[in-house]
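Enquirer: Next come the chains, spelled out residue by residue.
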Amino acid sequence: MSSEIAHIFSEPPARSTRIPGPPPVPAPAAVELTIDGRTVSVPAGATILDACRAESIHIPTLCFLENLTPVNACRVCVVEVAGARTLVPACSRPVEAGMTVQTASERVRHSRRLVLELLASSVDLSTAPGVADMLAEYGADPARFGPAAPPAQAGERDARQPGHHHVPDGAASATVAQPVKVDNELFVRDYAKCILCYKCVEACGVDAQNTFAIAVAGRGFDAHISTEYDTPLPASACVYCGNCIGVCPTGALMFRSEHEMRAAGTWDEAAQSRTDTICPYCGVGCTLTLHVQQGAIVKVTSPLDASITEGHLCVKGRFGFTFVGSGGDGG
Amino acid sequence: MDLVTLAPRATPDERAAVDVVLGAPVGRWDGGERADPEGGHVASGGHAARERRHLLLPVLHAIQERVGWISRPALEYACRRLSIPPADAYGVARFYGLFSTTLRPPIVAHVCDDIACRLAGAEDVCADLGRALGPAGEPALDGEATWLRSPCLGRCERAPAALFTVAGTLPETIAAAPVDAAGIVTRLERTAAGRRLVPAPTDTEPDEERLANVRRSVPQAGGPGLRILRRVGVTDPRSLDDYLATGGYRGLRRAMEIGREAVIAEVTASGLLGRGGAAFPTGRKWAAVAAQPGQPHYTVCNADESEPGTFKDRVLMEEDPYAIVEAMTIEGFATGSAHGFLYIRAEYPLSAARMAHALATARAAGYIGADILGSGVAFDIEIRRGAGAYVCGEETALFNSIEGKRGEPRNKPPFPVEVGLFGRPTAVNNIETLVNIPGIVADGGAAFAALGTQGSRGPKLFCISGSVPGPGVYEVEFGASLGDLIALAGGVTPGRALRAVLLGGAAGVFMGPDSLDLPLTFEATRAAGATLGSGVVMVFDQTADLVGTLRRVAAFFRDESCGQCVPCRVGTVRQEELLARLANGRPNGSVADELALLADLGLAMRDASICGLGQFASSAIESAVRAGLVAFAGHGEARA
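Taken in order, these protein sequences are the chains called A and B.
Read in the numbering used here, the first sequence has 68 at position 68, and its numbers run on one by one without any break.
Read in the numbering used here, the second sequence has 266 at position 266, and its numbers run on one by one without any break.
Next up, chain A with everything else stripped away, as it sits in the complex:
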């Protein structure tokens, strides 16, 4: 046996027991800019909103959510950038070196106030968390557009043709008020509360669920969230993951249980406790937050910063909790 062959049959060298990690990524270069007179340094690629949050400068947001791609549609986060003709959305505009940003100038406050007034005059914001504070902070007075028009009949807004509308006489201001869509056991769609932030469409589509059961249909003020041909959810691609509910900023999408308790006047958020646990169904281990009122689970969410879910769940984790209260005998 030659020495070469002996070498082949010899013990291989000991391997490292360390699991190789990804190659190190160089930290992004720092970008320096000025916000409200302060010099701020943030990593390249950060948005103005990121930079403001790092500096504890409050920027209101409605259509922004950490786990979704910014669509910058609501325009409540606009800020003034020196040299720009118009205001820019803080949520999606990347910082640039030398940028000078004002977050509370008269122009900024004006546009934010108008955006809030326009929304509050056309949408029911009564269950939108934080919006009442925003309206107060910016001195918004939605009533100055006049009295609200009566609500639309069911299906009326869905049927409007793009490029056509009834000429208003000015007696009342148009709203998106319409009956709640209740077509399944699990959640309701109250589009009278919809600010068209696109979040549910994103969560249903590329940003989370990849189901694409809903999209924006129609145009202009008649744009609305819809399944194909306004078909009820049970006859659509919906898988009831409820991730649209999880991202909805106004309560337009709501657990049916919450909707009914609110209608009955028994919904009491102050009396609710929140308990984090792990979903019992499969091995993924999603974090659930159980919202419990008087000993009964009334809603399930998942924290946005949970590493596994990023706030998103499936139908079982979201809705499969009724067995918990189904009887003391384990039945």
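Derived lysine to aspartate or glutamate pairs resembling EDC-like cross-links, with alpha carbons at most 16 Å apart: (1) A/Lys-181 - A/Glu-258; (2) B/Lys-405 - B/Glu-51; (3) B/Lys-412 - A/Glu-96; (4) A/Lys-181 - A/Asp-158; (5) B/Lys-412 - A/Glu-80; (6) A/Lys-316 - A/Glu-185.
A few chain A residues that don't get close to chain B, going by computed Cβ distances all over 10 Å: (7) Leu-33; (8) Asn-67; (9) Ala-97; (10) Gln-153; (11) Ala-177; (12) Asp-268; (13) Thr-275; (14) Gln-293; (15) Gly-325.
Label pairs and their calculated CB-CB ranges: (16) B/Arg-284 - A/Ala-270: 57 to 65 Å; (17) A/Pro-179 - B/Arg-284: 51 to 59 Å; (18) A/Gly-98 - B/Gly-491: 49 to 57 Å; (19) A/Pro-23 - B/Phe-422: 28 to 36 Å; (20) B/Gly-32 - A/Pro-303: 42 to 50 Å; (21) A/His-166 - B/Arg-227: 45 to 53 Å; (22) B/His-47 - A/Pro-23: 22 to 30 Å; (23) B/Arg-9 - A/Asn-184: 21 to 29 Å; (24) B/Gly-585 - A/Pro-179: 30 to 38 Å; (25) A/Gly-130 - B/Gly-470: 53 to 61 Å; (26) A/Arg-256 - B/Ala-631: 53 to 61 Å.
By construction, these hints were calculated from the structure, which means they are not laboratory data.
Where a beta carbon is used, it is the ideal one built from N, C-alpha and C, also for glycine.
Take the given structure of chain A and dock chain B to it, following the hints.
Expert: This is chain B only, laid out in the frame that chain A set:
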């Protein structure tokens, strides 16, 4: 993604319409029959199908034209074929004004009631149609036909205008102007009785009739000293030989000789600014795209001319199509792009027909294609049609539309030169801008720059309409004043006094009669707080209903807002309601309160809207108020 399609099978007609665009389905997966029972588990709906997403609008057009509306089975068949979720495709179909997702009669008269047509009595036409056929949108003539109101159809020089669409196996789209109610009803009746509007194909009118039409739209046609319009009414737009005999393709040949850097240098030296409204330096745009490392690059021509009062690009496409083909080829060569898209609004059937003919003949003669003029350079152009959406004239909305999506503008930056069509570097130019290109490249940028003024080089087209004896497209060298332009069109209608001029379109500004000395240059209009916009000069005399016009402008923006951002989506509604209150003498509080609210709305729309539509939606209205051209009365007061 799990493609869920639950509707019953589409009708043979609907499937045939889709298959004309996409070819026959290959198997069960994409809506056909199971092709290969043995190995039939291979799905073909992945990347290959999704890469054809951009064919969604052509497919929707095909269904709409064949059947007259887009049913759920038809849409879901298209979704199967293209692997698009039905909700998504429905959202797209519901975005465009010329698509219907509810049953609609096959014959439709789209009657323009926009600003210029309104001045020409469009409201009377609509009222008469209502009496003759019933309310807009309701089936008439035994369910065979209906009529609808339409935004500007780009035929303001011969207002009022209408567009007829006839669905069927040989669909037709015909524009007509001027029209009256009786004529519209007769056309609908004849078509319903089985007679075609004109013999197919559409572009067969005799030369004399064609020339008479051209001279009506372009009173200067054939006159001396014209540059942009030099072939209009002189050559046959359907003849490549005519084009070549009048200097055609000199520009492209010189471009190939001097190379792409030199082409961009000539365009930069010419000082040419974009004619679509934004006045961006064309040379700089091309240089930026050429320098982009990302590949491929795209060339897009924005022929979605939808600004109310604008019709110059239509005339250029109809009468000098080869110039546009040549210019796009030069642009593609200079910016390193092999693929061009020409996006024409659906309301311009003759433009699309002439451009398609020019493309086919230019391709056959080797002026576009895989090897242009034996140079080894490849460039080809695809025509895409809009479907009734003003906002698609915004460049990023136009990209989305070509990509088969809702025409929602994107946030900028990034700008199209970096991230444009299909996310690639894209040079996008307006028709009028492009028509200047062959001459600039052939004769040098310096010759072009010698024309016009310091800040506005070259010649410029204006679309004059309203209260003048000779409305039409006019070419002047930059520097002519507003008064000069109106004089070219014969002055204000005899016996009438000038009350106002709408400059730049619905997104432009109203000027008072004291503005006639204003030079129509980029710099002078900017200094005056006005805009050239798309070159609209619409003349209003003292008989015009200016308040009604303002309400129509407000209604236009409310209709055409894409709905994406709050300031525009709701602001345009509030603006229209506010004008209605003022017009009806029922202000909330005082008139001054309402005007302050109007200004508040305007500022927020201007500052916080995503795109130019919202940013300029209050421009004309506020300018008319500011210039004192309209006056409103409060409760119980007489109107001032």
